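K.L.:
Construct all of the structure, not just a fragment, from the sequences and the given hints.
There are 2 protein chains.
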Amino acid sequence: MNNDSMFQPVLSRSKIYKGKYLDLEKMDVLLPDERSSVREIVSVRDAAAVLPVDNEGYAYLVRQHRPAIGRTIIEIPAGLIDEGETAEQSAARECEEETGYKPGNLTELLTYAHAEGYSTGMITLYLGTDLESTGSTNFDDSEFLELTKIPFRELVTKVKAREFIDSKTIISTLISEKLLDF
Amino acid sequence: MNNDSMFQPVLSRSKIYKGKYLDLEKMDVLLPDERSSVREIVSVRDAAAVLPVDNEGYAYLVRQHRPAIGRTIIEIPAGLIDEGETAEQSAARECEEETGYKPGNLTELLTYAHAEGYSTGMITLYLGTDLESTGSTNFDDSEFLELTKIPFRELVTKVKAREFIDSKTIISTLISEKLLDF
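For the protein sequence lines, the chains are C and P, in the order given.
Quick note, in this note's numbering, the first sequence goes up one by one and the last residue is 182.
Quick note, in this note's numbering, the second sequence goes up one by one and the last residue is 182.
Identical chains share a label here; the pair holds if one copy fits it or two copies do between them.
Straight-line alpha carbon distances no greater than 25 Å define the calculated DMTMM-like cross-link-like pairs of lysine to aspartate or glutamate that follow:
1. K20 / E34
2. K15 / E83
3. K26 / E143
4. K26 / D141
5. K149 / D4
6. K20 / D141
7. K158 / E146
8. K26 / D140
9. K178 / E163
10. K158 / E108
11. K15 / E143
12. K20 / D33
13. K102 / E83
14. K149 / E88
15. K149 / D54
16. K158 / D4
17. K160 / E88
18. K158 / D46
19. K15 / D82
20. K149 / D181
21. K158 / D130
22. K102 / E85
23. K102 / D82
It is worth saying that the hints were derived from the structure and are not from the lab.
This one's a predicted model, so the numbers in the text were calculated from it and none came from an experiment.
P.N.:
Shown next, in the form of structure tokens:
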């Protein structure tokens, strides 16, 4: 039973592709008018991302190529949540692996659906502070990243000037603007 | 030639699935260390979305079920950009189709990649003002929406309280906070 008049129960689902990073399936859902309709759904693992800001007010970002959009972009450290790991543990791990700095403190900002129209993927954002240099970056096998530092206020200005194009960097910066004194 | 040291040229690509809403392909990219690596890429049409706010300071949102995340959520009007249409034309059309109000003025907020890790999809956000009631909603064939009005300041408060979970509603609200006097 579901009391939500907009609810569309899944009538059937069939796997189209099982891949390394994502799975694709086709679903038939029941519309409120009793007809059925096809939905193509991408299943991905949930992710965590952290905006690391040090005690001098510098944000630590990574530059990397994104073949899906054919562009090299600068973004906050992020990654998929491993099996058995919490979002917070994942954020701390990815931050250290990608920047060499471990956040002593993580403030959860929010969790959002990044492509609610066709993907299961949710991403949880954190603000990372009290950074401690461990010097131990550890990239995934096919990951090529370049660390870049920028004053947090400059990051805010650049996000507002539309210089960043990924949702996690945009959202974490806009929310953190009110949380940081820098 | 590409002077970007992080660039990963596509060596080969093969189509895995051609669907109604999305296509899936597998790419081999050349990594900076000369090895190759597989990427699974979802191709979707780009989208446009608009946060409509009337002269009394009410935001117009739509409630709809999203089978990909199994939830019914409230979000700003949005849709895919049609062939031959600009992002702005698409935003104006979707706003009228989904709410019955046509924006007399559209302010472009920004364009972002909603899932840069695996999807080609970009979405352009607008703030829509000077709303004119045309009373002519026109849903897509399998689209079921419910219009909901909320004072813009309440929307800002709710976004900050993490009550909205889609990136387009979160980003358009946070950016518009500075642009509106309500």
